[in-house]
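Novice: Listed below, chain by chain, are the residues.
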Amino acid sequence: MGSESSVPTDRRSVLAALGSGATVLSAGCLQRARNLTGWRSTQPVTLRIKTLPTDADPYALALAREIASWFRAAGIETEVLPMAEQELMRQSLLRTEFEMFVMRLPEKFRDPDALTTLLHSRFADAPGWQNPFGYTNLGADEALERQRRADGAERRATLERLQRTVARTQPFTLLTVPDDIRAARTGAGPNWQVTDLRSPVGYLRLAGEYESGSEETVLRVVTTDRRATTNLNPLAVEFRRGGALTGLLYDPLARSIEGELTPWLAESIDLVDGDPPSARVTLREDVRWHDDEALTAADVAFTYDLLADTTLGDDEEDAEVPSPEFRGQSSLVDDVSVVDDRRLDVTFADADRAVVPRALTVPILPEHVWRDRTDTAAIGGIPVGTVTEALVSNNIPPVGSGPFAYVRNTPRESLRLERVEGHFSAREGADFPDWIADPAVDALSVRVVGSDVTAVETVADGEADVTGTAVGAATVPRIGRADGTELVVRRSDRPYVLGYNTRRPHLDNPRFRNTLARVVDEQHLGEHVLDGYARPAVGPLQGTEWYPEDLEWDGGNPVVPFFGRDGELNVEAVREAFREAGYQYEDGALVGGST
Amino acid sequence: MSLFTVLTDVVAVVLVLHLLSLGAVRRLTGRKFRRGSLRENVRAVGPTAVVLGVLLLANGAVRDVGVELSWLIGVNITGAIHAVEGTFVADLQSIASPELTAYFSFVYVFGYVFLLTFPIVLYALHDDARPLAATLVAYALNYGIGLVCYVLFVAYGPRNFMPGAVESLLFTNWPEVQHLTSQVNENTNVFPSLHTSLSVTVALLAARYRSAAPGWLPIATVGATSVAVATMYLGIHWLTDVLAGIVLAVFSVAVGARVAEGRHGDEPSATETDRRPAGGVIEQFRR
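Residue numbers (full-length UniProt numbering), protein chains in the order written: chain U, 1 to 595; chain W, 1 to 287.
Read the hints as simulated data drawn from the structure, not as lab findings.
Since we're looking at a predicted model, the values are computed, not measured.
Please note that the accuracy of each hint is not assured.
[What the hints assert, rightly or not] Per the computed footprint, the stretches of chain U lying under chain W, defined by three or more beta-carbons under 8 Å from a beta-carbon of chain W, are:
id	segment
1	73 to 83
2	365 to 379
[Claimed, not checked] Derived coverage of chain W by chain U (criterion: at least 3 residues anywhere in the stretch with Cβ under 8 Å from a Cβ of chain U; other residues may be distant):
id	segment
3	66 to 78
4	155 to 165
5	170 to 182
Backbone N, C-alpha and C define an ideal beta-carbon position, used for all residues, glycine too.
Just chain W, same shape as in the assembly (with noise of 0.2 Å):
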């Protein structure tokens, strides 16, 4: 199986995900999507979407720039991370059953790829623009913040690190998945943990906005929880790597939430109608 057959079945798999989620969104909402609010919500956020597609191309335009100026000038903290939280993962590993990882694996690579895409598609065609450019915003912070913390930190993940007390089980499991994260990213960049960022990112969203879907906010939750366990769990991230994560991910929201809404406006849309409170740090997330 080479890179081409990966890459196929990936977006083959996300995009059936793609198609019974949005069935079960609109049955849960009772909603038809507008085409018409597909067409004012690509005019409204254009500008955004534009900074984060030029911001993801140089992304891999700059990868290997990156990495050559990280070992230039960037900290190896691999010590250090391995110093703070000792064997986490290493004890986290020690649940492993084939059946978690072939859970964790596929949440890794489908189910992230899911997470991430479904809300643009999701959001796109809700009659606000706001949840959109809010993600918009927000997944370009993840990424610029998370590309200067790999240029400024040098880091091995724990699979890199413990050789027998961590296995790699991804790639052993699944060797041929490498052909396809080799080709997006380096080994040495794992603090902070992208996947889990963005993830959470999604999760904290869909709990602003779940007015927009309220069907996505359980999806959501759960599949950022599973993705950020499955870095740990996949010997790929270390404990530090998720924390930092989800950090980003909540500087990220708060700062796309404030820009979508200062941008397109504040007043609660109509079909905000049926707002109910939520506690803990959601709350804080919520207008």
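Only chain U is shown next, with the shape it has when bound in the complex (with noise of 0.2 Å):
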């Protein structure tokens, strides 16, 4: 933070001057008092690295002081400051204030299309999970636009650029990525190694297969995150990790099945190409929300114009406030008209049919709810900023109409949502997989404990069927002595990042990012940090088909290679990059500013 105030701490060091009284004030003295003023001092560069306590995520807090440490020893005084998961997101998301973050990014930007609203410089005063970095660069804002409107060969090349570019400019570090370690309990039933928890169609396979273990069919999840607990609103940016319950909640249009995007809400989607491309949607027949309204054509149009612009105002004049969560997937959509009851048509912004059907995706909302939102935030009464009720109401109880359905909760401590009776993914001829047509559970109840080994003992002593935050490894060992418990690893698609706030001094200069993330060693980090439940990468579309070859990992970051060697820093090297950066050493400390 040092530099942000350099200029009036030199001002306040001139005055302190002038005032010791060792100092004649004459008109020459103050001349020379003002060409002092002008001349910034060098400041030692200090940073600041926010993240997650132990108890909240198993890994972050000790990769945050790893990187310290590397930075301290690179000569940069770093802080390394633990808080809370809501409060984390709301400084580091909403309101940028912060310098750097050790964070894992949604799952959602392994779609190279979702990049657009994770760095296009759009999107840098944006909120959420939208460049939270401030990201500015012209080359990747091209590279993004175009993506969309291409396909094939040039959709490739023009994403392996974007990736290059991102690689070497580094508006935010990808860490290491970790493998998703759960405990769960064996006779529950289920293939526990082919289930994925990270979606809610992960859960409703889950829910198709469980084998109770008592006459109550509940399926019973224990968590470290609460948040859960105290808001189920899907558009609530810092409360949102993968939305896997509120996805169970509330239905899309479409929801990716076995890796197919398969009509869900919507019994046929028909994709019309064209200039831009379009889609007849029809729903199904005879959905009802929650409170039994029936769901029709017009929520859906109703759920595409307030992720829009959640004040739903007319006028060119008013500000929108787009929901930050769906940002990427409602800027895809041009207009939604009504047809009738149960089909609507969708013309999608200019963008390639490839890339479009990820707008029908996002949680249809319940007109009748949410039209009653749209008005500026209030405590007690007083409007407070611009932000919508939609997008800050913690939605409880929440109205949705997917396979489960809200019961009770108790803040901070637990959840219950019940199985619908009748839902259309459980009637005959809907066409889904039987875990799916067939659930064997009633219900399912969440609850939080303090900390990932409470959960996992939570497990093994046959309270809860399974983890639902991943867990550390060090629970490892305590999973496999366990009886009855069941040790799942998965590779997750989740990668932990050290983000830069590029507004801030030096942070905002590519050269000095660049410099520091060679100053991580990410191999190191996942052997020693993570017990090897990881693998090293260089971007977030690792492991996908538009990840470019050269940037696979080979022994070593093959763009911004660790000064040293297994962990230990060649501290000369750094040195000397940074001195070739425009920076200077004083007693061991790196100086920016010029003097």
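Could you fit the two chains together into a complex? Lean on the hints.
Specialist: And the structure:
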């Protein structure tokens, strides 16, 4: 933070010198003082990393501390500050009150088009997971726009170019891609090794293959994340992780089932090529909200309008407040027109037909509940800021249309959902896999505990079926020792990243960030902090078809290789690199700013 | 093992400790407890006890509010505390052994509850109302000031800040107990350590009113020291929290004793004839 206050500090020291009495206040002296204040003195570079405490995330703090120790070795005073998940997201994603954060990227950034909201400069001032870094790069902007409209080889080449640019300019440093470790009760029935608990569909699969040990068929999930017990608003930025639970409460038009985007709330989706492309969507028959109102095409149209602008303001005068969480999807939709109760026409924005189906994955919200949430949010009747009620409401009780409905919650402790009788997914002829069509549970309960160790023990004691949040590698022996408990390790799509606030001094300099990234040994982090339950990577699209070959990990980072070996920093090499970047060292401390 | 089992365990163990200690104190003092003094004392300190009760209830009720408020207006001092004291807790943990962990875990959970509840029983049966009144006032101050500090300061304990260097010994060896601790506290409420401040309060009061139950002072002293060390040994509190806890205890006892003696008379009671001088800090807390 030091350099932020550098000018006032200098002024202050000059004033102090003037006031000290040693100086006679003459015109010449004041002239000299003015001259002096024009020169900024060098300031030591200090940084602060905000992240989660160990109770909330098994690795984030250890990663941050390891990084801080490398930065300190490089002469940069670095502080680590832990805070609750909700608070961290509020400070870094909504208020941009951060220099660096260590967090896991949401899963949605595995889709190349989602990178648009993550990195396009148009979103640099937008809240949520929309360019929280404030990254502005015209080359990247252009590539992001082009990939939307291109197809085939051209889209691939554009995306590869984009990823190389991002890897070099480092709006964030990808630290490591962890494996998600979970403890599960073996007797609960399903083949845990293929169950994917990151998505609502994964939970549906679990619900379909569940075998209860007792009379009651309740799928019991234990988690360390208490946010879902206090807020079930799918649009609330700081409360959502993967949206698995809200995805059970709300239905999208289409869901990805076994890797394939399948019509869900829609009975059919006919994509029409064209410029721009469009789609005729037919909803399933007789779909009802959990409060028994009928779900119609008007609700779908309303949802897209709401996501694009939660104020639903008609006139051009008022500022729009789009939903940050679904900005990528809603920006793909140009217009939705209702044909009749069950049919609607979606006109997409100017984008390739391979890109647009993503727009169909947003949760459909009931108009009769959300129409009242378009006003500016107020505390005690007094409007605060410009944010709408839709974005900050805790939405409890939620009225959805999904296969599970809300029953009750105890804030910070528990949440209970019950299966909806007669949900369309379980109707005859709906043509879903058996595990969706024939669910084996009546309810789903979520219980919050203090840390991953306690979560594992809760499963080991037979009081829960699975840990909903991933647990740390340190609990693996404990899971192994426990009878009837299975260790589930799955590759995850949510890398840990060190995000830079590129609006801040020094961090606004791509060369500085590039050099910082070379002070981080990703391989060492994976092997030592995550005990090998991780793999290093360069960009968030790693492992997808869009990832360029030359970014593959090759014994080291191919773009920003570590200065040193096996976690040992070569301090001389770092200093040389920072000096080349225009920085200097004073008593071993990195100093910046012009002299 | 669920929350209920942990809770019944705590109640059972603490009850046993109570009975054992009452027997021991009776043998040491050689006096019988008078039922009459219990009734008189309850009447005398009634209002104070109500205040403490209300405060404890409020503490439970506003805990969630307090946390929300704390994130809104509190200062996150975790980094500052670490900058001040560095790796003290990690160094302390280097002496860790299974026996010590078992001892300190026991002290942290059972010993602490016993240490807090026993003086109430002991002083309630004593024929002077002042020790009981002082204890209740001091407890109320501890909780009240502690609550304000928890709103003003957000801090995570060493186990949450230095994974790897500091182990969360209590919760890794005895995970079930987290069901209990997460019911009564938040992991951001570490400054000051109320475990330390309340235990030290008990020890200071034991010193001040040691004539009421001479055998209690050494137990309370060992207990309070063990609790203070346990909070650090188990990775839950920083040294800074413990020191702040001691300061809070000294303040609470000073005010508590003044209030009690102002209200219930200052003249020494019949049983307090065997006063002996004590040195150091403790002396300041004797009248």
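Novice: Would you list, in rising numerical order, the hints stated earlier that this structure does not obey?
Specialist: When the structure is compared with the hints, only number 2 turns out to be violated.
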